[in-house]
Amino acid sequence: NAGVTQTPKFQVLKTGQSMTLQCAQDMNHNSMYWYRQDPGMGLRLIYYSASEGTTDKGEVPNGYNVSRLNKREFSLRLESAAPSQTSVYFCASSEPTTGDQPQHFGDGTRLSIL
Amino acid sequence: EDQVTQSPEALRLQEGESSSLNCSYTVSGLRGLFWYRQDPGKGPEFLFTLYSAGEEKEKERLKATLTKKESFLHITAPKPEDSATYLCAVRGTGNQFYFGTGTSLTVIP
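If you read the protein sequences in the order shown, they are chains W and U. If you read the first sequence in the working numbering, its first letter stands for residue 1, the second for the next number, and so on. If you read the second sequence in the working numbering, its first letter stands for residue 115, the second for the next number, and so on.
Since the hints were derived computationally from the structure, they do not count as laboratory data. C-beta: ideal position from N, C-alpha, C; glycine also. Please note that a few of the clues may not be correct.
[Said to hold, decoys possible] Derived EDC-like pairs (lysine to aspartate or glutamate); straight-line CA-CA distance at most 16 Å:
{"hint": "1", "chain 1": "U", "residue 1": "K171", "chain 2": "W", "residue 2": "D107"}
{"hint": "2", "chain 1": "U", "residue 1": "K156", "chain 2": "W", "residue 2": "D38"}
{"hint": "3", "chain 1": "U", "residue 1": "K156", "chain 2": "W", "residue 2": "E95"}
{"hint": "4", "chain 1": "U", "residue 1": "K193", "chain 2": "U", "residue 2": "E170"}
{"hint": "5", "chain 1": "U", "residue 1": "K156", "chain 2": "U", "residue 2": "D196"}
{"hint": "6", "chain 1": "W", "residue 1": "K9", "chain 2": "W", "residue 2": "D100"}
{"hint": "7", "chain 1": "U", "residue 1": "K177", "chain 2": "U", "residue 2": "E123"}
{"hint": "8", "chain 1": "W", "residue 1": "K14", "chain 2": "W", "residue 2": "E79"}
{"hint": "9", "chain 1": "W", "residue 1": "K71", "chain 2": "W", "residue 2": "E95"}
[Said to hold, decoys possible] In silico negatives: residues of chain U with every beta carbon more than 10 Å from chain W:
{"hint": "10", "residue": "S121"}
{"hint": "11", "residue": "T163"}
{"hint": "12", "residue": "E172"}
{"hint": "13", "residue": "T190"}
{"hint": "14", "residue": "K193"}
{"hint": "15", "residue": "P194"}
{"hint": "16", "residue": "D196"}
{"hint": "17", "residue": "N209"}
{"hint": "18", "residue": "Q210"}
{"hint": "19", "residue": "G214"}
[To be verified] Okay, the calculated bits of chain W under chain U, using three or more residues with CB under 8 Å as the criterion:
{"hint": "20", "region": "36-42"}
{"hint": "21", "region": "48-58"}
{"hint": "22", "region": "72-80"}
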């Protein structure tokens with residue numbers, strides 16, 4: 001019963017490099033989310049996908065792109081990494097059909113941009 | 115604008131010393147208020163959902179309550195293993211969840 005799986009767990013990049021963070025869920029949830037978590041800032045929404053085939057911007061989308069590959073998978077891409085994108089990235093999923101369903105989170109990707 | 119504020123930012127308790135964490139919120143059409151626990155190096159772990167004012171949920175030493183403007187997470191006789199960051203989030207009429215910045219709880223043996 002894996003829940004939400006994120007890869008990689010750690011990554012160090014140089015400024016200007018690109019990379020894709022992967023997320024997969026096995027709970028058959030329709031909605032998936034990408035957050036970043038920074039000290040003192042809490043969890044901030046980057047992008048979300050309410051259902052397969054749709055994506056929407058969250059609070060801090062600049063510098064990121066997403067792809068909802070299928071119902072299970074939602075990836076986050078940094079095209080040209082900047083030091084300001086150093087953070088811990090969390091993927092989450094939920095079933096939005098009833099409002100009181102919580103989000104379930106992966107254990108995060110710790111990303112450092114040098 | 116939907117918003118969540120948690121207090122205090124940090125709390126240190128002696129083992130067995132009960133206390134409460136606060137989560138105040140403004141949201142259009144509350145569809146759920148959620149409490150999570152986050153351990154260092156881990157993702158948030160779901161604890162409770164509260165939906166309507168007056169509702170209460172309990173799990174071991176934790177009890178969550180909800181009013182129209184705030185929620186409390188009461189911790190009774192805490193143990194060192196309760197040390198973690200506790201996050202509060204709300205969901206309004208849209209698909210987004212709004213998180214507070216959390217309360218870092220340390221329970222000293």
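Evaluated hints:
Of the supplied pair hints, the one linking K171 (chain U) and D107 (chain W) is violated, its CA atoms being roughly 25 Å apart against a limit of 16 Å. For a cut-off of 16 Å, the pair hint linking K156 (chain U) to D38 (chain W) stands: about 14 Å separates their Cα positions. As the CA atoms of K156 (chain U) and E95 (chain W) are separated by approximately 22 Å, the hinted pair breaks the 16 Å bound. Proposed proximity of K193 (chain U) and E170 (chain U) is contradicted: the alpha carbons are some 22 Å apart, above 16 Å.
As the CA atoms of K156 (chain U) and D196 (chain U) are separated by approximately 15 Å, the hinted pair is consistent with the 16 Å bound. For the hint linking K9 (chain W) to D100 (chain W), the alpha-carbon distance of about 29 Å lies beyond 16 Å, and the restraint is violated. The suggested pairing of K177 (chain U) with E123 (chain U) is violated, with an alpha-carbon distance near 19 Å, which exceeds 16 Å. Restraint check for K14 (chain W) and E79 (chain W): satisfied, since their Cα atoms lie roughly 12 Å apart, inside the 16 Å limit.
As the CA atoms of K71 (chain W) and E95 (chain W) are separated by approximately 12 Å, the hinted pair is consistent with the 16 Å bound. Here S121 (chain U) stays apart from chain W, with its beta-carbon at least about 13 Å from theirs, past the 10 Å limit. A Cβ of chain W approaches the Cβ of T163 (chain U) within 10 Å, the least distance being about 5 Å, so the stated non-interface status is violated. Distance check for E172 (chain U) against chain W: the nearest CB is about 17 Å away, which clears 10 Å, and the non-interface claim stands.
For T190 (chain U), the shortest C-beta to C-beta distance to chain W comes to about 23 Å, beyond the 10 Å cut-off, and the non-interface label holds. Consistency note on K193 (chain U): stated as away from chain W, and its beta-carbon is indeed over 10 Å from all of that chain's, at 24 Å minimum. With a minimum CB-CB distance of about 22 Å to chain W, P194 (chain U) clears the 10 Å threshold, and the non-interface call stands. Annotated as non-interface, D196 (chain U) keeps its C-beta farther than 10 Å from every C-beta of chain W; the closest such distance is 19 Å.
The claim that N209 (chain U) lies off the interface is violated: its Cβ sits roughly 5 Å from the closest Cβ of chain W, which falls inside the 10 Å cut-off. Distance check on Q210 (chain U): its Cβ comes as close as 6 Å (rounded) to a Cβ of chain W, failing to clear the 10 Å threshold; non-interface status is violated. The claim that G214 (chain U) is not at the interface with chain W is violated, since a C-beta of that chain comes within 10 Å of its own (minimum 6 Å). Look at the region 36-42 of chain W against chain U: 3 of its residues bring a Cβ nearer than 8 Å to a Cβ of that chain, three or more, so the hint holds.
Counting residues of the region 48-58 of chain W whose beta carbon lies closer than 8 Å to any beta carbon of chain U gives 4, which meets the minimum of three for the stated coverage. Check result for the region 72-80 of chain W against chain U: violated, 0 residues qualifying (beta carbon to beta carbon below 8 Å, three or more required).
Hints 1, 3, 4, 6, 7, 11, 17, 18, 19, 22 from the earlier list are contradicted by this structure; the remaining hints agree with it.
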